[in-house]
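K.L.:
Quick mapping for you: the protein sequence lines, in order, are chains A and B. The first sequence begins at 123 in our numbering and counts up one residue at a time. The second sequence begins at 123 in our numbering and counts up one residue at a time.
No wet-lab data here; the hints were simulated from the structure. No residue lacks a Cβ here, since even glycine has one placed at the ideal position from N, Cα and C. Don't take each hint at face value.
Within a straight-line C-alpha distance of at most 27 Å, the following computed DSSO-like cross-link-like pairs (lysine-lysine) qualify [stated by the list, open to error]:
no. : chain 1 : residue 1 : chain 2 : residue 2
1   : B       : 253       : B       : 279
2   : A       : 258       : B       : 160
3   : B       : 267       : A       : 253
4   : A       : 234       : B       : 145
5   : A       : 189       : B       : 145
6   : A       : 253       : B       : 127
7   : B       : 189       : B       : 171
8   : A       : 234       : B       : 127
9   : B       : 160       : A       : 171
10  : A       : 128       : A       : 157
Beyond 12 Å from chain B on every Cβ pair, some chain A residues (computed) [as the list claims (entries may be wrong)]:
no. : residue
11  : 124
12  : 157
13  : 159
14  : 161
15  : 164
16  : 189
17  : 275
2 protein chains.
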Amino acid sequence: MSGTKKTDAFLQRAIELAIQSAKQQGGPFGAVIVKNNKIIGEGYNQVTKNCDPSAHAEIIAIREACKNINDYQLNDCTLYSSCEPCPMCMSAIYWAHIPELVYAATANDAAKAGFDDQFIYDELAKPASQKSISIKHIKHNDANKSFDEWLSNNTRKEY
Amino acid sequence: MSGTKKTDAFLQRAIELAIQSAKQQGGPFGAVIVKNNKIIGEGYNQVTKNCDPSAHAEIIAIREACKNINDYQLNDCTLYSSCEPCPMCMSAIYWAHIPELVYAATANDAAKAGFDDQFIYDELAKPASQKSISIKHIKHNDANKSFDEWLSNNTRKEY
Chain A
123 MSGTKKTDAF LQRAIELAIQ SAKQQGGPFG AVIVKNNKII GEGYNQVTKN
173 CDPSAHAEII AIREACKNIN DYQLNDCTLY SSCEPCPMCM SAIYWAHIPE
223 LVYAATANDA AKAGFDDQFI YDELAKPASQ KSISIKHIKH NDANKSFDEW
273 LSNNTRKEY
Chain B
123 MSGTKKTDAF LQRAIELAIQ SAKQQGGPFG AVIVKNNKII GEGYNQVTKN
173 CDPSAHAEII AIREACKNIN DYQLNDCTLY SSCEPCPMCM SAIYWAHIPE
223 LVYAATANDA AKAGFDDQFI YDELAKPASQ KSISIKHIKH NDANKSFDEW
273 LSNNTRKEY
């Protein structure tokens, strides 16, 4: 297959996972991670199925891909998602060092189906005092002790 | 114990988890979830240990708490974190419907130890074309099919 056809096939697979999930009472989202033109991780939304608010399709695909290649970074991978990722998943993409994202449905499409990512994007941009949740910063003598331990540990693995 | 003393004890526990983690080559972060004055979930950073970029302390604590109460929402819980959460974890807090957050170290403290959450916050606020990763939107005939399935499924569980 040509590069374009392969891209289409990977995106198609992410969409198929989303459709299957929605039919089986999961959230209507799917994702795959591709490395060297092979799928190394797949996911569909399992929030309600697994009682895990973090179990979005992209996060599950990232977890599976990392497990499969025994690494915590996916530097040379592409994430194909059935839909534009929410801020949790976008942040996970950065933490996973994924350089490339391809998606089909837009955040606006998702909003029409009741998934309002924009609310979270807006909240993240607000200062703590204006966020809708209560946020309290308590100063603590040991607050930085874990960072001191971390920085003095010469065998630490940065991520 | 008074309310304040209990809050101090929960925050202390989150900090202890962070210190223990840093000593054992984990990321220097810890978190606990509290419901009705009892800890129902704990977590420390296991990104490198478990090869999982999403395994931040707060996300692990949320997963454990949800499993323990068999729910995907933590409506009446408080999250105590050793440090101000990154945007992935802040987003997870919203998805989990957690109304209250208490933390000790600041994002600025974390940055000094090499954890630059601000980079991700800044990236999230940028339009796709200006983000540091490649983002491609491909229109697809089936892009909204999973949402149609979802909306027509009367037994769907919203989350």
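K.L.:
For each hint, tell me whether it holds in the structure or not.
P.N.:
Structure-based check of all given hints:
{"no.": "1", "hint": "253/B <-> 279/B", "in the structure": "33 Å, violated"}
{"no.": "2", "hint": "258/A <-> 160/B", "in the structure": "19 Å, holds"}
{"no.": "3", "hint": "267/B <-> 253/A", "in the structure": "34 Å, violated"}
{"no.": "4", "hint": "234/A <-> 145/B", "in the structure": "47 Å, violated"}
{"no.": "5", "hint": "189/A <-> 145/B", "in the structure": "24 Å, holds"}
{"no.": "6", "hint": "253/A <-> 127/B", "in the structure": "26 Å, holds"}
{"no.": "7", "hint": "189/B <-> 171/B", "in the structure": "21 Å, holds"}
{"no.": "8", "hint": "234/A <-> 127/B", "in the structure": "45 Å, violated"}
{"no.": "9", "hint": "160/B <-> 171/A", "in the structure": "25 Å, holds"}
{"no.": "10", "hint": "128/A <-> 157/A", "in the structure": "12 Å, holds"}
{"no.": "11", "hint": "124", "in the structure": "15 Å, holds"}
{"no.": "12", "hint": "157", "in the structure": "14 Å, holds"}
{"no.": "13", "hint": "159", "in the structure": "16 Å, holds"}
{"no.": "14", "hint": "161", "in the structure": "17 Å, holds"}
{"no.": "15", "hint": "164", "in the structure": "15 Å, holds"}
{"no.": "16", "hint": "189", "in the structure": "6 Å, violated"}
{"no.": "17", "hint": "275", "in the structure": "7 Å, violated"}
Going down the numbered hints, you'll see the structure goes against 1, 3, 4, 8, 16, 17, while the others check out.
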